[in-house]
Amino acid sequence: MSRIGQLFRGVNAINVGVELFKDTIVEQGARAVQVDWHPPGGGKAEIVAALDRLASPSIARRIEAANQEAVSRIINSHPVLVGFGRAIDVVPGMTKTTILHAGPPITWERMNGAMKGAVTGALVFEALAGDLGDAARVAASGAITFSPCHEHDCVGSMAGVTSASMYMHVVRNKTYGNVAYTNLSEQMAKILRMGANDGSVIERLEWMRDVLGPILQAAMERAGEIDLRLLLSQALHMGDECHNRNNAGTALLMQTLTPHILGTEFSAAQKRQVFDFVASSDYFSGPTWMALCKCALDAAHGIADSTIVTTMCRNGVEFGVRISAMSGNTWFTGPAQSVIGPMFAGYKPEDSGLDIGDSAITETYGLGGFAMASAPAIVALVGGTIDDAIGFSVNMAEITTAENPNVTIPLLNFRGIATGIDTRKIVQTGILPVISTAIAHKEAGIGMIGAGITHPPAECFEKALLAFAASIDPGSR
Amino acid sequence: MPVKVVISANTYFDSVSLMSLSTKANGIQGIDQAVVVMGTEMNKGVLRNVGLFTPEVEDARSGDLVIVIKAPTVERCESALTEIEALLRMRDTSRRGGGLTYATLASAVRHVAGANLAIISVPGEHAAREARKALDHDLHVMLFSDNMSVEDEIELKQAAHAKGLLVMGPDCGTAILGHVGLCFANAVRRGNIGIVGASGTGSQEISVRIHDFGGGITQLIGTGGRDLSERVGGIMMIDGMRALAEDPATAVIVLISKPPAKRVAQKVLAEIRGCRKPVVVCFLGDSEETVVHAGGQFARTTKEAALKAVILGGKKEEEINKRSLNLPLIEEVRGKLTSGQKYIRGLLCGGTLCDEVMFLAREKYANVYSNIAKDPAHRLQDVGQSRDHTFVDFGDDEFTRGRPHPIIDPSLRIARFLQEARDPAVGVIVMDFILGFGAHDDPVGVTLPAILESKALAAREGRHLEILGYVLGTEDDMPSLGDQTRQLAAAGVTIASSCTNAGLLARGFVEKGAR
Amino acid sequence: MRIPSSTPPVSSGGRPGAPIYPGHALHARTVDARFLRRLETGRFHGRVQSVFEGVVNIEHAGGELFTLACRDLDNGPNTAIVDIAGFGTTGIAVNAHVGCADGELRVGHRNTVVLAAASAWEGGLSTYPGANGRLRTHLRLARSYLDRHGERGGMVAHGGAETEFALEVTAALEHRATLLIEALSQANHACACRHAKSMIGLGPGLTPSGDDFLVGLFAVLNIAGSPCHGWLGGGTDVVAGAERSTNAISLAALTQAAAGRVRESIVTLIESLMYGTPEGLIEPLRRVLAIGSTSGADLVAGILSGIELNLQVGASRACQ
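Just so you know, the protein sequences line up as chains A, B and C, in that order.
The first sequence runs -16 to 460 under my numbering.
The second sequence runs 128 to 642 under my numbering.
The third sequence runs 10 to 329 under my numbering.
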């Protein structure tokens, strides 16, 4: 039978546009589904033109090939933990007066309350200032070099403030050789990364510098290397999504580290302090997975013609994105967004700071919000339902390129995590990556007040797309 | 006795629906008991007490819907559950009108097995891209969108033709395929007549005329208004004709369009003999000779086309109420008008309807103007100001820019009606009221206040205001034809039984002298 | 035919209830005063929690539930009455983002609710009447009306053949309600609280019968000046810790009722019972009984139990 003849037998419609037309078909008892259509790039003419240009067969082929390369680098990266060391000793470009921070580049004046709180706290911790007031003057004086963690192969959670004496994870990519770093979780809610900076915070940082860091460093010297990718995939099978929920990941990491910690020369009391410290919050391994993701994504950065997103991060004022084809430190930024979710008792949405932290590197890799279906328990924390969680994972498939067969989600029939966020697809569909994250109070000194869901501003990806289109085809304007 | 359970997670149905579901479930033959409740701890407790507790029930949460079936055999349980799940989906579907949404056409195609048609109504500048994607996925396309370049239209239709697919449009508002009305369409009887139309409302008119004369439709294929232009060359009209020629259920084919470009008309008419079925051709205003020469049945008006089709389809002519023109009525209305009340003002929502009533007026009068006249001499200088006999198509671009179509939102026409009703030179105002899927849910009702107000004003001023209304619809549309015509008649509006009759009556009412 | 090339908000112009065009603005007629104040602060974020033909529920970022109701429904706590026949054609979907800006509530991509012309609704109950002869009469009339017209299956027992489950549920509801009221009349609040908690989540319906009964009862326990005013904390003692016992929508009604906030039809009914005439009782009764499936009957049962309790306690005090 001819195709038109088949149509005569019955209609099974896909409706793109006015929803009324789908409704009337369903009303008549026939099948129709709705495509929730949005003008690509919000209808902006230059974006539509750029998308059309990139869709031309020869250019599209180049992009597809480059994206395949980028995605296979992400998937084949094999990050392993090889040690711990002080930032001044291991981080490229670190100096005694450098303060690294989360997100894209930002000056002291523009930093938000939480980040300023963290910076002043760090300056006091490093004895670069006598007290918090002095620290503010020092920060503004020009004596301090501020730089994004990302531009030094690092990532930092929440304010992400990293200073010279802080101990860092050292994570090496066995497949491609690059190294990534991140500092250590402070565990509590009233902590430097959330903008708190009183005496208790400083004291804890000092203990971490004098006891925790050295013990972990010594333990790793005994251990040699720990296969983080393996632990990651196990953690996902045990109910973590490796951004907000890290219970299993922390347990697995510690299980591996504990014998080596015990084997170090430190006192039993100090070892006991370390174990108690880790036990005080399941978040301990959060930074570890961030460093894993950074390590894998850095290996995929700098591939000509690739539209794959290699960085998503925020500094509380701006959201920053990097894409593979624009190598080096070309940032595409837009305003940081609000995080929507349940707040701890006594706090209201008006108290929240805007989205902050490098932890969105986990979503960039395919974890966190993208893998929420792995972590039913986190769903209530961020104010959603199981269907939401599954929905996010399915929705994110619309804007990614492939599945990572090494890291899978049991609830979705062991589907691999959605990998390779494609800038073109985001701008085409209007679907923004979903990020699940903590909410810090907008003022310095208070800390975490809730958790929820947020998205990057579309602007970042639109700018990236236009820049990419201009660069790939010199003839385009 | 076995017990089987279905849990619908996080499902909120209102209580009435739940009760109805429960009643229906308990009404299923051959089961012992059915329970439909929310999965709260307390309800689970009762389920345990009456021996209806299973591991699934245990895991249910307070926001979940729990459905339990107890029946003599496992098979009975499962078939009952299948029935209930179907009811659930139906409820869900009818409530939200179809359930799932997808972010892109591509993902919809991936997930919907057996999808065969994409209906595209996105803004014109994006429509071609979406249509291209649809064709790439082997879907037929209905393009409601307009504002597409003729180059894009040609490219799409040629690509579709090569694949044996239809591209209906751009600017195609009506189709009936597989007995499902698409976009704007009426509920018409099934029968043996197939229609290929390059005019949306023209197709609707013919379909309801056929229904009124006792016949019925197999398929109604729309081609979009520009298909029979010189450059597009009638690609889809020809493909549509051939498909209907092959369709065993179709015994008669009807073609409706404004007059095509000469060369294209020839191409289309040349297809007729190959159809081996009677083809009724209504190219409003075109010549009889060429049609008859090609072996087709000529119809001057939409009414005539429908009548011929129904008779060719096998209905006995004696049994058909042909709705002959009411000549005494014409006399009567002429008598009520003064010599100064000279002009017809046609205010139409349907483009082809406007065309037809205007064409009929032009047969009698020279001073006919319109916003859609092809001849510049007959174009209205100021669309907002009538001149002599004026016919306004409110579906045309200048009225619909940034606004919904008048079939959905009649406010502009209502405003114009009030204006015309005050003009002492007006002899009759003609208005169409289009019913069916996609239309306003009470076109007459929303216009009635303006009608009553104007009638009262005219009465106070001592003149007769003649309003001629035509309702395009059937008894099966909602609201129904009967309901709408009754409302109009009660307000003193004269009812025309077809678009053709409306044109004939209007031109008759204002005829002066003679007799 | 044309559709807009961008989709600017377009006013329908057509009669209310017409198929709605993309980007349509809906108008709020009346809004619960507390809800309106919240919206006026301009910071309101949430997502659509559930969609029904007559009602759209919104879960605020902080967890509280708010409701958009069609024009056939009555005012209520956290509710905005919108000038629309039903939400079916609006295309509002679950999980759509809800935000407030420029005097409008934005729901998903296509719908806004304009607040500018809305008036505020305050539901409040009068104080308990001094003389209660009228109340006794009305209570008798209402009970008999409920027995004749109340929907069976919840608090009002079925007469004929019912499923085992249904029989069990009705028996349990009756039993627990009886124990609850007995405990209250003996001033045994701890016991009463336990029995009340055992009713939450019990029974058919989206709002289980037990919940509806308690909503009716709580409404009465919050009447100022009544003998039982404030008992069970007005209901808050019962609701505390019961978040998992029932679904979010029913929980919201319970929580509001425990704070003395109930929908307009319930307010009207209670006012008529306290201060109206026998004939004037029928319409308010009918209105409440029409709610949901068995919800109306369950609500009335709770209200009447509460009033009966007040009369009993009031009488025994008078005898002291």
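There could be a bad hint or two in this list.
To be verified - Straight-line alpha carbon distances no greater than 25 Å define the calculated DMTMM-like cross-link-like pairs of lysine to aspartate or glutamate that follow: (1) A:K27 / B:E588; (2) B:K260 / A:E29; (3) B:K260 / A:D35.
Calculated from the structure, these hints are not laboratory results.
Note that the structure is a prediction, hence the values are computed from the model and not measured.
Hint by hint, here is what the structure shows:
1. A:K27 / B:E588: violated (55 Å)
2. B:K260 / A:E29: holds (21 Å)
3. B:K260 / A:D35: OK: K260 (chain B) and D35 (chain A) at ~13 Å, within 25 Å.
The structure fails hint 1 only (numbered hints given earlier).
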